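Engineer: Sequence:
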Amino acid sequence: MKISQILNNNVALVKRGGNEVFVVSKGIGFKKKKGQQIAEEEVEKMYILDSFDMLDHFSYLLSHSDPNDILLISNIISYGEETLGIKASDYLSLALLDHLEFLLKRVEKQQFIKSPLIWDTKRFYPDYFKVGLKALKMIEEQKGLQLPEDEAVSLCLHFVNMEESRDSKKDHVLEMRTLGDLVSIVEHHFNVTLDEESTNYMRFTTHLQYFVQRIIDGEIFNDGSETLELYKQVCQLYPDSFKAVQKMKIYVQTQFNLEISVNEETYLMLHINRVTERMEDKK
1 MKISQILNNN VALVKRGGNE VFVVSKGIGF KKKKGQQIAE EEVEKMYILD SFDMLDHFSY
61 LLSHSDPNDI LLISNIISYG EETLGIKASD YLSLALLDHL EFLLKRVEKQ QFIKSPLIWD
121 TKRFYPDYFK VGLKALKMIE EQKGLQLPED EAVSLCLHFV NMEESRDSKK DHVLEMRTLG
181 DLVSIVEHHF NVTLDEESTN YMRFTTHLQY FVQRIIDGEI FNDGSETLEL YKQVCQLYPD
241 SFKAVQKMKI YVQTQFNLEI SVNEETYLML HINRVTERME DKK
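By full-length UniProt numbering, the letter at position 230 of the sequence shown is numbered 230, and the numbering carries on one by one without gaps.
Read the hints as simulated data drawn from the structure, not as lab findings.
Hints are supplied without guarantee of correctness; some may be wrong.
Derived SDA-like pairs (lysine to any residue); straight-line CA-CA distance at most 20 Å [what the hints assert, rightly or not]:
hint: 1; residue 1: LYS137; residue 2: SER115
hint: 2; residue 1: LYS134; residue 2: ALA95
hint: 3; residue 1: LYS134; residue 2: THR83
Cβ-Cβ distance ranges computed for the label pairs, FRET-style [as the list claims (entries may be wrong)]:
hint: 4; residue 1: PHE112; residue 2: GLU82; range: 25 to 31 Å
hint: 5; residue 1: PHE30; residue 2: PHE112; range: 56 to 62 Å
hint: 6; residue 1: PHE112; residue 2: ASP240; range: 40 to 46 Å
All values reported here derive from a predicted model rather than from experimental measurement.
Quick reminder that beta carbons are idealized off the backbone N, C-alpha and C, glycines included.
Start from the sequences, fold in the hints, and give me the full structure.
Structural biologist: Written out as structure tokens, the structure is:
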């Protein structure tokens, strides 16, 4: 690999095939010069970008980053990969490094952000939130800081967004807000707080997750005559669940300009009845 630019004592930009690649190698700024070759075995960390769009930004970021911060991010990602069973992209390393730099600047100014998504993140992405909390703890320990739990949310969302590998990436913030709103509609309608530890709750929110993904994709199940008969029966059996679904239907119409199908309404009523029936008995 041929060195295109020395960014600092430990980071260089090299040519690898047809791509510009960032490499981290201790003391490279002293050992090498522009135009010289560097072997891959000399490299501690390599960042391969598939686009030149962020080249200048990441070039500046890496050239001004503390080598200990690069190692910290590497350790955070290793923990996330092991905990979540995923393989992180190079973009995640750079995005987290960028996030860390911004976080430290906010700490200096005592600017802490109260996240509106903390409860939704805990509820719908518990494993990812665990990684966010661990990342926060690792930052606190290395930097000698005490940070609010809300900061774990944005760290967690970096992993959520990176892991999403479907052809059309979802807006996970929108997904979580929509999930939270739909659950809130049910809770307010029945005047209950759903038991997040219950099996029925897990089934309900799992159904909602796929439902919300279809909404964001603009995909709604088609109706059928067989479902229509079941729909009528369920409406009569569970009138309170029917009323709750009508409120959810208005929400989806307002927020996404979509009509919920009879299929969707039927499944939602069945799940809502199941998740609320014991809660109603306790009232």
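Engineer: If a hint holds in the structure, say so; if it does not, say that too.
Structural biologist: Cross-check of the supplied hints:
For the hint linking LYS137 to SER115, the alpha-carbon distance of about 18 Å falls within 20 Å, and the restraint holds. Taking the CA atoms of LYS134 and ALA95, the gap is about 17 Å. The hint holds against a cut of 20 Å. For the given pair, LYS134 sits about 10 Å from THR83 by alpha-carbon distance, which is consistent with the 20 Å threshold. Separated by about 29 Å at the C-beta atoms, PHE112 and GLU82 satisfy the suggested range of 25 to 31 Å.
Checking the proposed 56 to 62 Å range against PHE30 and PHE112 shows it is violated: the Cβ atoms sit about 39 Å from each other. Checking the proposed 40 to 46 Å range against PHE112 and ASP240 shows it holds: the Cβ atoms sit about 41 Å from each other.
Checked against the numbered hints above, the structure breaks only hint 5 and satisfies the rest.
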